[in-house]
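Engineer: Given chain A, put chain B in place with the hints provided.
2 protein chains.
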Amino acid sequence: MTTAPKPINFAEKMATFDALWSPRVIAEMNDYQFKIAKVEGEFVWHQHADTDEVFIVLDGELTIHFRESTVQLRAGEMYVVPRGVEHKPAAERLCQILLVEPRGVVNTGDAGGELTADRDVWA
Amino acid sequence: MTTAPKPINFAEKMATFDALWSPRVIAEMNDYQFKIAKVEGEFVWHQHADTDEVFIVLDGELTIHFRESTVQLRAGEMYVVPRGVEHKPAAERLCQILLVEPRGVVNTGDAGGELTADRDVWA
Numbered sequence: 001m002t003t004a005p006k007p008i009n010f011a012e013k014m015a016t017f018d019a020l021w022s023p024r025v026i027a028e029m030n031d032y033q034f035k036i037a038k039v040e041g042e043f044v045w046h047q048h049a050d051t052d053e054v055f056i057v058l059d060g061e062l063t064i065h066f067r068e069s070t071v072q073l074r075a076g077e078m079y080v081v082p083r084g085v086e087h088k089p090a091a092e093r094l095c096q097i098l099l100v101e102p103r104g105v106v107n108t109g110d111a112g113g114e115l116t117a118d119r120d121v122w123a
Numbered sequence: 001m002t003t004a005p006k007p008i009n010f011a012e013k014m015a016t017f018d019a020l021w022s023p024r025v026i027a028e029m030n031d032y033q034f035k036i037a038k039v040e041g042e043f044v045w046h047q048h049a050d051t052d053e054v055f056i057v058l059d060g061e062l063t064i065h066f067r068e069s070t071v072q073l074r075a076g077e078m079y080v081v082p083r084g085v086e087h088k089p090a091a092e093r094l095c096q097i098l099l100v101e102p103r104g105v106v107n108t109g110d111a112g113g114e115l116t117a118d119r120d121v122w123a
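In order, the protein sequence lines correspond to chains A and B. Throughout the first sequence, residue numbering follows my numbering, covering 1 to 123 in sequence. Throughout the second sequence, residue numbering follows my numbering, covering 1 to 123 in sequence.
The shape of chain A in the complex, shown without the other chains:
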């Protein structure tokens, strides 16, 4: 190792962008990516047919709506949305989240639309 290794600091990475619902990659592990996002308001209903998706709340509160239930997450909590399950993330106030999913996952899954973000944008 030729350069001193540096920690990846969530708050520092969050400070590099303002866009909502626009995940930024901060790390890769094997073929998985760790992405941070700022969210507020309601996202679109969508699903990921081929992969589970992890949501970890770093700051604020996140609601994940399912067709027949919801789950509320606060800072220090996580949830795994199973593959193929329709969900709609939402936050009443600005919320900071960490996502873990395979490289190449599109944020809007099967839904597409104007909230679809570029993939592989790094913070």
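Don't take every hint at face value.
Because identical chains share one entry, a pair is satisfied inside a single copy or across any pair of copies.
Cross-link-like lysine to any residue pairs, in silico, SDA-like; alpha carbons within 20 Å at most [unchecked claim]: (1) Lys6 / Phe66; (2) Lys88 / Ala4; (3) Lys6 / Gly60; (4) Lys88 / Gly60; (5) Lys38 / Gly76; (6) Lys6 / Gly84; (7) Lys6 / Gln72; (8) Lys6 / Pro102; (9) Lys88 / Val71; (10) Lys38 / Gly60; (11) Lys6 / Val85; (12) Lys6 / Glu114; (13) Lys38 / Ala49; (14) Lys6 / Ser69; (15) Lys6 / Lys88; (16) Lys38 / Leu99; (17) Lys38 / Ala15; (18) Lys38 / Ala123; (19) Lys38 / Asp50; (20) Lys38 / Glu77; (21) Lys38 / Arg67; (22) Lys88 / Pro7; (23) Lys6 / Asp50; (24) Lys88 / Phe66.
Don't read these hints as lab results, they were simulated from the structure.
Structural biologist: Below, chain B without anything else, positioned relative to chain A:
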């Protein structure tokens, strides 16, 4: 979905055990596991030949020693140890961490020894 989905709360899961260097699974995503651990003192030098390994610090401070450098992580920071890289985690005081790695990874990697923990023990 027949039962109300529940968030996975890191602090609640941490409260279910005291053993040091003994990771507990709290969630699975595809073929990956999220594990929490309490650590204090020095672990053993080891490597994982087949996988990267993610360390996220939830509380306290963690030092990861490499053969020619070290990285210091505090709460809100993460690091990805690349596959095949020898490392030795250590913490001067009690530290709480979240690990992400493929199902089946042994905590002591290639090193073995008395700190080797059972796999797939859930919190």
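Engineer: Each hint should be assessed against the structure and marked as holding or not.
Structural biologist: Here's how the hints hold up against the structure:
1. Lys6 / Phe66: between (38 Å within a copy, 12 Å between copies)
2. Lys88 / Ala4: Between. Shortest inter-copy distance 16 Å satisfies the 20 Å Cα cut-off; intra-copy 40 Å does not.
3. Lys6 / Gly60: between (26 Å within a copy, 17 Å between copies)
4. Lys88 / Gly60: within (17 Å within a copy, 34 Å between copies)
5. Lys38 / Gly76: Both. Shortest intra-copy (16 Å) and inter-copy (16 Å) distances satisfy the 20 Å Cα cut-off.
6. Lys6 / Gly84: For Lys6 and Gly84, the Cα distance is within 20 Å only across copies (18 Å; inside one copy 36 Å).
7. Lys6 / Gln72: between (33 Å within a copy, 8 Å between copies)
8. Lys6 / Pro102: Neither: 23 Å inside a chain and 23 Å across chains, both beyond 20 Å.
9. Lys88 / Val71: Classified as within; 11 Å inside a copy, 37 Å across copies.
10. Lys38 / Gly60: within (10 Å within a copy, 25 Å between copies)
11. Lys6 / Val85: between (37 Å within a copy, 15 Å between copies)
12. Lys6 / Glu114: neither (35 Å within a copy, 30 Å between copies)
13. Lys38 / Ala49: neither (24 Å within a copy, 35 Å between copies)
14. Lys6 / Ser69: Classified as between; 10 Å across copies, 41 Å inside a copy.
15. Lys6 / Lys88: For Lys6 and Lys88, the Cα distance is within 20 Å only across copies (16 Å; inside one copy 35 Å).
16. Lys38 / Leu99: Intra 11 Å, inter 23 Å, cutoff 20 Å: intra-copy only.
17. Lys38 / Ala15: Within one copy only: 10 Å inside a chain, 29 Å across chains, cut-off 20 Å.
18. Lys38 / Ala123: Within one copy only: 12 Å inside, 29 Å across.
19. Lys38 / Asp50: neither (24 Å within a copy, 33 Å between copies)
20. Lys38 / Glu77: both (16 Å within a copy, 17 Å between copies)
21. Lys38 / Arg67: neither (23 Å within a copy, 37 Å between copies)
22. Lys88 / Pro7: For Lys88 and Pro7, only the inter-copy Cα distance (16 Å) is at most 20 Å; the intra-copy one is 32 Å.
23. Lys6 / Asp50: neither (33 Å within a copy, 23 Å between copies)
24. Lys88 / Phe66: Within. Shortest intra-copy distance 7 Å satisfies the 20 Å Cα cut-off; inter-copy 42 Å does not.
Hint compliance for this structure: hints 8, 12, 13, 19, 21, 23 are not met, and every other hint is.
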